[in-house]
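Engineer: Position chain E against the provided structure of chain L, taking the given hints into account.
In order, the protein sequences belong to chains L and E. One point on numbering: in numbering that gives the first Met the number 0, the residue at position 288 of the first sequence is 287, and numbering is uninterrupted. One point on numbering: in numbering that gives the first Met the number 0, the residue at position 249 of the second sequence is 248, and numbering is uninterrupted.
Check each hint, because a few of them may be wrong.
To be verified - Here are the simulated DSBU-like pairs of lysine-lysine, each with C-alpha atoms no more than 30 Å apart in a straight line:
id, chain 1, residue 1, chain 2, residue 2
1, E, Lys284, L, Lys365
2, L, Lys122, L, Lys171
3, L, Lys365, E, Lys366
4, E, Lys366, E, Lys507
5, L, Lys365, L, Lys171
6, L, Lys122, L, Lys84
7, L, Lys120, E, Lys411
8, E, Lys284, E, Lys344
9, E, Lys298, L, Lys122
10, L, Lys120, L, Lys84
11, E, Lys366, E, Lys344
In short, the hints are calculated from the structure, not lab data. Because the structure is a prediction, the values reported are computed rather than measured.
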Amino acid sequence: MREIFSKRVDNYMKEKRLPNSMRWSGALVVSWKHYYFKYVIEFLAILVTLFVIFFLTGSTKVRNFAIVYAIIIAAVWIVLRIGWKLFRESVTKQEIIIAKDGTLRERSPSQWSLVWRRYRKNKIALISGAIIIVITILAIIYPLIVPFSPIGITPLYDSWNGGGALSNPNLKYPGGTDILGRDEFSRILAGSEVSLTVGIFSTILSVIIGVTLGALAGYFRGWTEEIIMRLTDMFLALPFLVIAILAVAFIRRGRLVFLRQIPQSVVIILVLGIFGWAGLCRLVSANTRQIYNLDYVNAARVLGASNRRIIMIHILPNILAPIIVIGTLAIAGGILAEAGLTFLGLGSPTTISWGQMVNEAQTVLKISPELALLPGFAIFFVVLAFNLLGDALRDALDPRLRE
Amino acid sequence: MDKSVAISLKIIGFILIFTSAFIPLYAIDFDSEPADTEIIPDNPSGLLVNSGNLVRVLAFKVDYRLLTFVGEDHKLTARYLVEEVPSSIIVLSATLWFVMIFAILATVLGQVFQSGGFKRRGLVADISASLLLLVGLVSAIIAMNQTLHIASDKYNAVVAGQFSTTDILNPITFNPLDSTPSYFNIELLGMIQPGFYIFVIGILLMVTGIFLPVNWQQPTGSQMARKMGGFGFFKWIKHVTSLRVTTYIMRRLLTLIPLFIAISIMTFVMVSGMGDPVSLLLLGKQRVTEQDRINLTRKLGLDQPIYVQFIMWFYNLLHGDMGNSFTSGQSISNIIGGLVWETLKLQLAAFAIALLISIPLGIIAAKNQNTWIDSSASALALLGQSMPIFVFGLLLIYIFSGYGLGWFPAAKAHRVPAPTKVFSGETWAFLGGGGWKTGLGWSAWWGNVSDRLLDSLVHMVLPTVTLTFAFMALYTRLVRSTMLEVLQQDYILAARANGLSERIITWKHAFRNTLIPVITFIGLFLATALAGAPITESLFTWPGLGQKYIIAIGFLDFPMILGTTAVLTILILIGNLITDILYVAVDPRLEL
Numbered sequence: 000m001r002e003i004f005s006k007r008v009d010n011y012m013k014e015k016r017l018p019n020s021m022r023w024s025g026a027l028v029v030s031w032k033h034y035y036f037k038y039v040i041e042f043l044a045i046l047v048t049l050f051v052i053f054f055l056t057g058s059t060k061v062r063n064f065a066i067v068y069a070i071i072i073a074a075v076w077i078v079l080r081i082g083w084k085l086f087r088e089s090v091t092k093q094e095i096i097i098a099k100d101g102t103l104r105e106r107s108p109s110q111w112s113l114v115w116r117r118y119r120k121n122k123i124a125l126i127s128g129a130i131i132i133v134i135t136i137l138a139i140i141y142p143l144i145v146p147f148s149p150i151g152i153t154p155l156y157d158s159w160n161g162g163g164a165l166s167n168p169n170l171k172y173p174g175g176t177d178i179l180g181r182d183e184f185s186r187i188l189a190g191s192e193v194s195l196t197v198g199i200f201s202t203i204l205s206v207i208i209g210v211t212l213g214a215l216a217g218y219f220r221g222w223t224e225e226i227i228m229r230l231t232d233m234f235l236a237l238p239f240l241v242i243a244i245l246a247v248a249f250i251r252r253g254r255l256v257f258l259r260q261i262p263q264s265v266v267i268i269l270v271l272g273i274f275g276w277a278g279l280c281r282l283v284s285a286n287t288r289q290i291y292n293l294d295y296v297n298a299a300r301v302l303g304a305s306n307r308r309i310i311m312i313h314i315l316p317n318i319l320a321p322i323i324v325i326g327t328l329a330i331a332g333g334i335l336a337e338a339g340l341t342f343l344g345l346g347s348p349t350t351i352s353w354g355q356m357v358n359e360a361q362t363v364l365k366i367s368p369e370l371a372l373l374p375g376f377a378i379f380f381v382v383l384a385f386n387l388l389g390d391a392l393r394d395a396l397d398p399r400l401r402e
Numbered sequence: 000m001d002k003s004v005a006i007s008l009k010i011i012g013f014i015l016i017f018t019s020a021f022i023p024l025y026a027i028d029f030d031s032e033p034a035d036t037e038i039i040p041d042n043p044s045g046l047l048v049n050s051g052n053l054v055r056v057l058a059f060k061v062d063y064r065l066l067t068f069v070g071e072d073h074k075l076t077a078r079y080l081v082e083e084v085p086s087s088i089i090v091l092s093a094t095l096w097f098v099m100i101f102a103i104l105a106t107v108l109g110q111v112f113q114s115g116g117f118k119r120r121g122l123v124a125d126i127s128a129s130l131l132l133l134v135g136l137v138s139a140i141i142a143m144n145q146t147l148h149i150a151s152d153k154y155n156a157v158v159a160g161q162f163s164t165t166d167i168l169n170p171i172t173f174n175p176l177d178s179t180p181s182y183f184n185i186e187l188l189g190m191i192q193p194g195f196y197i198f199v200i201g202i203l204l205m206v207t208g209i210f211l212p213v214n215w216q217q218p219t220g221s222q223m224a225r226k227m228g229g230f231g232f233f234k235w236i237k238h239v240t241s242l243r244v245t246t247y248i249m250r251r252l253l254t255l256i257p258l259f260i261a262i263s264i265m266t267f268v269m270v271s272g273m274g275d276p277v278s279l280l281l282l283g284k285q286r287v288t289e290q291d292r293i294n295l296t297r298k299l300g301l302d303q304p305i306y307v308q309f310i311m312w313f314y315n316l317l318h319g320d321m322g323n324s325f326t327s328g329q330s331i332s333n334i335i336g337g338l339v340w341e342t343l344k345l346q347l348a349a350f351a352i353a354l355l356i357s358i359p360l361g362i363i364a365a366k367n368q369n370t371w372i373d374s375s376a377s378a379l380a381l382l383g384q385s386m387p388i389f390v391f392g393l394l395l396i397y398i399f400s401g402y403g404l405g406w407f408p409a410a411k412a413h414r415v416p417a418p419t420k421v422f423s424g425e426t427w428a429f430l431g432g433g434g435w436k437t438g439l440g441w442s443a444w445w446g447n448v449s450d451r452l453l454d455s456l457v458h459m460v461l462p463t464v465t466l467t468f469a470f471m472a473l474y475t476r477l478v479r480s481t482m483l484e485v486l487q488q489d490y491i492l493a494a495r496a497n498g499l500s501e502r503i504i505t506w507k508h509a510f511r512n513t514l515i516p517v518i519t520f521i522g523l524f525l526a527t528a529l530a531g532a533p534i535t536e537s538l539f540t541w542p543g544l545g546q547k548y549i550i551a552i553g554f555l556d557f558p559m560i561l562g563t564t565a566v567l568t569i570l571i572l573i574g575n576l577i578t579d580i581l582y583v584a585v586d587p588r589l590e591l
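Isolated chain L, as found in the complex (with noise of 0.2 Å):
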């Protein structure tokens, strides 16, 4: 019988279908040094590759920064190929795994391996997934792939080849160009960067905060649970976006000087975090409430864990899913929360923002429409695939909550 498994696992070892979770499991152990050296390998070739190129046919600019240029898309490139690998295992991946006593077994899945293979199933959270990596590899590398600067008017002395300002589409200009004579589509894209970074970084500092005032206050009752849940009565009775308009407002041009050194996006994150974390707070409090009561929880207690430890060990990765689906969510809310406040007129005139376009393009609506509809519609991309990815999360997290 013995013999029949190490077979397989030679079988394995030779097919090099070594599933990742045997790595480090019982007697087999395979450094992740082999595991990941051929792409070492291709990363550097790449790199060298590119340098050289760049080095010796690119620009001034290219080639002041060729060596960060080669990195950059080395790297990106190699994190494709690596999460490529890792999307192939754990499709074709075996469940098995080695024992003490040297016998193989089938693994029971772990459950972010039953999420992981809910989520694979459903075609429309893949899609939406790698849209987002797209869009975030996008928002990363776009000085690299914009055709013109975004913030430079070359087009503006280029009439004569479908330039100037407010010209239509057109093969050189993809995007037209805007009123002041910019290249829209080297716009939009960079308008990602901005999006993204104040709807992922808002969204981590609100569920900081949410998830740690919620905790507290659904472990600890009494007055700890009545000053948290007043506050987040509180936050949650603002009328949200006309505070954020007038906190921005007050830290941009307000009278405390050294706060307007802190740069528009940060000041949007910072608004918006600290502005919109009050339902994840109840939500966490409440579900750490209906935890505490459990008899696992009581358990901990008595064998005397310490209230730090049963909070971040046994309370808080079992109210995991629906934090992240939440996360996920308010990443689409704090995207479109950027474009509103910048597109009333809030943004700085330095900060490419596509809310910003949009407010800038109401004027020449009637002649060149595209101005304002394709940073809209790029907005609109963006947080229909962060919706998706959400009710994606929620079917695989937890289907239960599946509609």
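Structural biologist: Below, chain E without anything else, positioned relative to chain L:
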């Protein structure tokens, strides 16, 4: 709730209708002193001042400059004013009387049918009675409309100088259709308007009175017994008025006060740190001395320490005074009074339409789970949730306004400047023009009303569609998921096992329970909708709170910013309170 309530409702309705029929006559100020005369510097017509109070009052209310335009014919104009305007007042009054008599007949008829031996026919009788009432009302309105339109067109024609007044006074040669239809923006006799509203309220009350006894007839013995034991509606009333629930509501109400104070302090601190309005106001002025600056600071009250400023502001707020605008000097309460209505009008219309669409849509989607209907409803909801509101609005503007099809206007709420006060004589602009303080008769009251109403509606279309699209997404998802949850409950299974029809299960058993979260959303709606108001209103340049708020931030108009925030916060807090109350009232299972 028994028959006496219904009867008293009817009686109140009668009285209101009765008084409303008199009100137009009161509008003619027969006894007014000629105090207005000196405002006319050189009186163009001695006749107008000297031929009786009625003529003078009416003529003054028309803007006398228009009369001078008529020139030599002013005597005839005066005659027109004497003959036409009061006559149309009398016509309207008569039509109201006519409707009233109709209504009395109708209800008496219904009462007779109902209290007589034909108890089973009570409903039929009432429906026919109210139909009669409706016919009377509609015919009266049509009659009024005709009369007033002719009168107003005549007046317009005179003013525009298209006809000599001799033509107009001759009903055979005058065809009002020849005159160019112009917007009749003379401030009209507004006493009619409160009269009209009282009239409408009276009709509504009476119709309610007609319908009430059908549902609550004298209970039979067994019904009485169930009532005593607590049943249905009565049990619900008992629940709502119980000590437990009342205490809960009072407690919620009390927590709102410190909440409001805390929010006020926060906004006050932020607003005070926003910048220096004094420098902004003095910008562009020549030779500004330091003394000017100090004087202005003192005048605006900014020389006080911030806590003193806050206490003064809050004290005044409690007395209904939100200060005066830094830029225009107007009272903030007055400004906001006009803006709140414009904002609420938009939001409430969109909210109602969104509910009307999304509740059936959500239920149908839930009933046909995992079919194409379901997925398309979900897709629509997702689309509405992901679309930034201003992008959808811009798309609508580009397609339907002057840029494209040109069907609807894209900016402003009215063609004429909107009045600034609500609940005073000068407004109700959403239904009609002028107020009872200013204006002349009433020759074109209904014409004006219909014109303004249409104008207002046309301006509302695009913003309302935009907002509806955004709200609908949320509600469709909510209704669908709740409905799915409810349909899996045991009592639905029990109902199915009992052999009830699917229709009854859906609408009677499932839908009512679906309503609980939907109702609680009404309060939360206020928070999201009102906070989102600046974007929609800026896009459509809608003269509401949101747009003016953005402008006020630009000009550092502190009282305006504080006032808007306070009003919005109060509205949201009230919305939350209503949610809490409704939540408890609808769902007795709730632990308090």
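Engineer: Need the status of pair Lys365 of chain L, Lys366 of chain E: alpha-carbon distance at most 30 Å?
Structural biologist: With a Cα-Cα distance of about 44 Å, the restraint between Lys365 of chain L and Lys366 of chain E is violated, given a limit of 30 Å.
Engineer: Between Lys122 of chain L and Lys84 of chain L, does the CA-CA distance stay at or below 30 Å?
Structural biologist: 19 Å, holds
Engineer: Between Lys122 of chain L and Lys171 of chain L, does the CA-CA distance stay at or below 30 Å?
Structural biologist: 35 Å, violated
Engineer: Would you check the hint for Lys284 of chain E and Lys365 of chain L, treating anything up to 30 Å between C-alpha atoms as holding?
Structural biologist: Roughly 38 Å separates the two Cα atoms, so the pair is violated.
Engineer: Verify the proposed pairing of Lys120 of chain L with Lys84 of chain L, using a straight-line Cα cut of 30 Å.
Structural biologist: Satisfied, since the Cα-Cα distance of roughly 18 Å is no more than 30 Å.
Engineer: Assess, step by step, whether the Cα of Lys298 of chain E is no farther than 30 Å from the Cα of Lys122 of chain L, and give holds or violated.
Structural biologist: 66 Å, violated
Engineer: Does Lys365 of chain L pair with Lys171 of chain L here, judged by a C-alpha cut-off of 30 Å?
Structural biologist: Measuring from Cα to Cα gives roughly 23 Å; hence the hint holds.
Engineer: Assess, step by step, whether the Cα of Lys120 of chain L is no farther than 30 Å from the Cα of Lys411 of chain E, and give holds or violated.
Structural biologist: Violated, at about 50 Å.
Engineer: Between Lys366 of chain E and Lys507 of chain E, is the straight-line Cα distance small enough, at 30 Å or below?
Structural biologist: The hint holds at about 14 Å.
Engineer: Between the alpha carbons of Lys366 of chain E and Lys344 of chain E, is the straight-line distance 30 Å or under?
Structural biologist: 33 Å, violated
Engineer: Would the hint linking Lys284 of chain E and Lys344 of chain E be met if the CA-CA limit is 30 Å?
Structural biologist: Distance ~40 Å between Lys284 of chain E and Lys344 of chain E Cα, so the pair is violated.
When the structure is compared with the earlier hints, violations turn up for hints 1, 2, 3, 7, 8, 9, 11 and for no others.
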